[in-house]
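Trainee: Here's the letter readout for the chains.
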Amino acid sequence: MSLLEVRGLSIDYVREDGTALHAVEDVGFTLDEGRSLGLVGESGCGKTTVILGILRLLPAQGRIVSGEVLYKGADLLSLSEGEMRKYRWKHLSIVFQGAMNALNPVRRVGDQIADAIKLHMIANDSREIEARVDQLLDMVGITPRMSRHYPHQYSGGMRQRAMIAMALACSPDLLIADEPTTALDVMIQAQILELLQNLQRKLALSIIIVTHDLGVVAEMCDDVLVMYGGRTAEYASVDTIFNEAQHPYTQRLLQAFPDIANPSSNLAFIPGHPPPLDMLPPGCRFEPRCHRKQGICAVQTPTLEAIRPNHYVACPFWVDN
Amino acid sequence: MQRSDYLIRKVLFGLVTLAVVVGFNFFLFRILPGDPVKSIARSPRLTQEAREKLRIEFGLDKPVFLDVERLGKGDVIGAFDTQFTAYVSALAHGNLGISFRSRRAVSEVLAERVWRTVVLVAAGEMLALVLGTALGLISAWRRGTRVDMGILLWALFCWGLPTFFLGIILLILAQGLLPVGGMVTPGLKPENGWAYWSDVGKHLILPTLTMAIIYTSAYILIMRSSVMEVLSEDYILTAKAKGMSTFRILGSEALKNAILPMVTMIALNLAYTVGGAIQVETVFSWPGIGRLMYEAVTMRDYPVLQGTFLLLAVAVIAANLAADILYSMLDPRVKAG
Amino acid sequence: MQQLEEIWRAFLRKPMGIVGLIMLLAVVFVALSAPWLAPYNPKEKIDVEPGDLLAPPDAEHLLGRDDAGKDVLSQLIYGARVSLTVGFVASFMSMVIGTTMGLIAGYRGGRIDHLSMRLVDFLLVIPVLPLMLVLISIWGRGLWKIILVIGLLGWTITARLVRSQVLSIKERRYILRARAVGASHYRIATRHVFPQVLPLVLAQAVLAVSDAIIAESSLSFLGLGDPMLVSWGMMLNFAFERAISRRAWWFLLPPGFAIVWVSVGLILIGSTLEEIVNPSLKSHHLFDPRQMMARFEGMAPKTPAPDASTGVETERSG
Chain L
1 MSLLEVRGLS IDYVREDGTA LHAVEDVGFT LDEGRSLGLV GESGCGKTTV
51 ILGILRLLPA QGRIVSGEVL YKGADLLSLS EGEMRKYRWK HLSIVFQGAM
101 NALNPVRRVG DQIADAIKLH MIANDSREIE ARVDQLLDMV GITPRMSRHY
151 PHQYSGGMRQ RAMIAMALAC SPDLLIADEP TTALDVMIQA QILELLQNLQ
201 RKLALSIIIV THDLGVVAEM CDDVLVMYGG RTAEYASVDT IFNEAQHPYT
251 QRLLQAFPDI ANPSSNLAFI PGHPPPLDML PPGCRFEPRC HRKQGICAVQ
301 TPTLEAIRPN HYVACPFWVD N
Chain U
1 MQRSDYLIRK VLFGLVTLAV VVGFNFFLFR ILPGDPVKSI ARSPRLTQEA
51 REKLRIEFGL DKPVFLDVER LGKGDVIGAF DTQFTAYVSA LAHGNLGISF
101 RSRRAVSEVL AERVWRTVVL VAAGEMLALV LGTALGLISA WRRGTRVDMG
151 ILLWALFCWG LPTFFLGIIL LILAQGLLPV GGMVTPGLKP ENGWAYWSDV
201 GKHLILPTLT MAIIYTSAYI LIMRSSVMEV LSEDYILTAK AKGMSTFRIL
251 GSEALKNAIL PMVTMIALNL AYTVGGAIQV ETVFSWPGIG RLMYEAVTMR
301 DYPVLQGTFL LLAVAVIAAN LAADILYSML DPRVKAG
Chain P
1 MQQLEEIWRA FLRKPMGIVG LIMLLAVVFV ALSAPWLAPY NPKEKIDVEP
51 GDLLAPPDAE HLLGRDDAGK DVLSQLIYGA RVSLTVGFVA SFMSMVIGTT
101 MGLIAGYRGG RIDHLSMRLV DFLLVIPVLP LMLVLISIWG RGLWKIILVI
151 GLLGWTITAR LVRSQVLSIK ERRYILRARA VGASHYRIAT RHVFPQVLPL
201 VLAQAVLAVS DAIIAESSLS FLGLGDPMLV SWGMMLNFAF ERAISRRAWW
251 FLLPPGFAIV WVSVGLILIG STLEEIVNPS LKSHHLFDPR QMMARFEGMA
301 PKTPAPDAST GVETERSG
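Each protein sequence line maps, in turn, to chains L, U and P. The opening position of the first sequence corresponds to residue 1 in the numbering used here, with each subsequent residue numbered one higher. The opening position of the second sequence corresponds to residue 1 in the numbering used here, with each subsequent residue numbered one higher. The opening position of the third sequence corresponds to residue 1 in the numbering used here, with each subsequent residue numbered one higher.
None of these hints come from the bench; they were simulated from the model. In this text the structure is predicted, and so the values were computed from the model without any measurement. Hints should not be assumed to be uniformly reliable.
Below 30 angstroms or equal to it, Euclidean Cα-Cα: the simulated DSBU-like pairs (lysine-lysine) are [unchecked claim]:
(1) Lys72(L) / Lys90(L)
(2) Lys86(L) / Lys72(L)
(3) Lys256(U) / Lys90(L)
(4) Lys282(P) / Lys256(U)
(5) Lys118(L) / Lys256(U)
(6) Lys86(L) / Lys256(U)
(7) Lys10(U) / Lys170(P)
(8) Lys86(L) / Lys118(L)
Here are the computed distance ranges between Cβ atoms for each label pair [said to hold, decoys possible]:
(9) Phe92(P) / Phe27(U): 26 to 34 angstroms
(10) Ala183(P) / Asn101(L): 35 to 43 angstroms
(11) Ala183(P) / Ser245(U): 56 to 64 angstroms
(12) Arg247(P) / Lys256(U): 46 to 54 angstroms
(13) Arg191(P) / Leu153(U): 38 to 46 angstroms
(14) Thr145(U) / Tyr174(P): 38 to 46 angstroms
(15) Leu254(L) / Leu12(P): 50 to 58 angstroms
(16) Arg248(U) / Arg247(P): 45 to 53 angstroms
(17) Gly109(P) / Pro59(L): 35 to 43 angstroms
(18) Ser4(U) / Arg148(L): 18 to 26 angstroms
(19) Asp185(L) / Ser4(U): 30 to 38 angstroms
(20) Pro105(L) / Ser4(U): 19 to 27 angstroms
C-beta atoms are modelled at their ideal positions from N, C-alpha and C, and glycine is treated no differently.
The shape of chain L in the complex, shown without the other chains (with noise of 0.2 angstroms):
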């Protein structure tokens, strides 16, 4: 069984007057332990309603319409709330984007981290829940001591691997960092990927990586799913994506990816914009900008077909066929 097994998950936004935008169309993967999956795409593919979904966090006017999210077997969105804030943290953790704000600015940062660990009855004695907290600090490269500081104190590295620490502070079996290492300049990013692969291998974690640097696929990630306008563009292992792309939205992103083994080969760019939610092209999402683009592509929305073991592709053109 695996660890994490999606299906079918639709999620709409409600606007205000009433109408809803498909912001999520029918999206699943598979996650087994210890493996990590990358999930990638433009600024509001969305990419993050997947996620905030699964953990059902979705803002006020967010719905899951349909789908199954099974951690373990157990189908987490048919837990009631209740039921489901236990397996929230403890089982399943986030990594925010841009931990500006994701700490609370008046408690110190060592007590938010033991709140997670007291609330979930991870350790009860106080000299164990801050032995706890400075093993965390420490495991992340922050000197203990700093737990008694407040997140004003702290730089922005820090507290983006405050937050891991945080994240971690159960044990759990799968994290998902959203954009982890976006607003951080080149050398923090590199120290936060590091960290965050030292983690997955001693602690044999599951990860799930929201992103839209595919450099950061590319070093950390098993598989690779590639979402655009709200459903799953093409999925499988990150040696299969960065080798035998075949849809042709990878490929532009992949083309646009600086290649560092030929410097000197244009970079590519695709023209346009991803469509606004409220303005969906009928058919496929990509038609407007695709290279590769048919007649039939502008009427029918392509569904995503196994063209290989464990290599889905939404296109009914992918470049074998």
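Since the structure of chain L is already known, use the hints to place chains U and P on it.
Mentor: Frame of chain L, contents of chains U and P only:
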């Protein structure tokens, strides 16, 4: 920002404000048309003795602010031998003049009555704070529901309710149920022990309730917007992701952050609260300094008016300073560091 | 101006604001048509018998008579004039002062800004009603004195709000462009900045009218109203103690209710305007989590209608 810097600035500002208030208080009563002190000083209602006392104390034969003549002669120290200096030095000795009406020292009258107002305001504020915080929190949490609408409309309604009128309404409603005037039933004295104090307590109910209702509405509105802001912050989502229940989040994460702006608002609000106290004490004949001010206005007892105003202004300034200090202790972003 | 039109249209969509407007218009109507509406001249000297004092309502005096035997209803109707006059004029004064101060402070910045804000801080710490009491006591009673005192003390919060808005507008593109073209500061302030600030000031102005009316009524109640005029606060001034013991509710309640009516009407209008000009947050992270699970029929409660009619975010106190 450095906490010590912050505090020093606030203290300095408080002192400057105080100085300006003192000066303002002085000039108000001397410069405006119908200089009351001078005219009253000639009033036959005072005894010769009292008049002489006033004359000397307030140096009514001396120039008001600066003796230009003496300054011209090079006598700098002497140039300040004026009414203003006399006033300030009297003030420094705790001398606020003599009441025209009762012929007692103003400071004595104030000292006698001030605690009654303090009790009233403190009780009213505490009740308003508890209710206002709770209702504001609920209103923000349940934003958009009927509960929110109800609380909001109630708060808006109370905002349009003059304090004295609410007092009158409560008086009418409570006729027969609760005592409707004064502080204590005639005859009872502190020596009567519990009987006295419980009687005072009964007399305190309606005035306190009036104040509380009016000021709860202000706190509801402030707390509501503060909590709304806090609940939209990222760290609340983090807390939710951690598996905290809504109640826990409200209590441990949200409340602390939302209360911070309240601290300064409560102190600022005090400038209006004392106005409410004056009205409430008048309606309920509660013998505090609010009522004293009303009586002084009616009787044209200017020294009392002046002294009470000064006392109230000082109290509000001091309260604001205290609130600033408290705020700096509560918000770690202002701590030394 | 186009912006004002937009605000008006948005206003018409908010029931709370419309209710407030109706309430206000009713009072304006009463005030304007007082000479025709009131059954008696409120200042008319009438022969009274002892039984007439604080007499309960009857066919000739729908709201009974006051402690001097005069008709309460007529006083009530004429009282509207005083309240509205004081309210609007004092508010206008406060707005002019506050907006000017805020514009100058925000636009010029530097020492002028610093000094102005210190002045505002200073005034905010002075207890308001006691100050008004002192000023009127010394200066004397009279309608214009009251208007001036209220008007001169009510500008502080507006100044602060205008200033902060100006600060945020100052660096916008169109301002910089105007400067590049060589427009004078005065021109920029009046032609470009002020129109942006106007909606905010409008909302504040309405709320200020309500504040002024309440302030006037409090001053009148405490005995400092214009003795020549009938004002709602004054109606409650002297005899309220006697009226309470006589349970003369017809004398005590109407003026107070009138004050509440007009104030609440104004507050509803002002809050609605404020919400339009400065929309508040409508949702947060702690809403009912069940509504997320639309998958389950009947489990998700209806979405609470996004705020169509309420909402006020203010820092006002008092």
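Trainee: Please write out, lowest number first, the hints stated earlier that are contradicted by the structure.
Mentor: none
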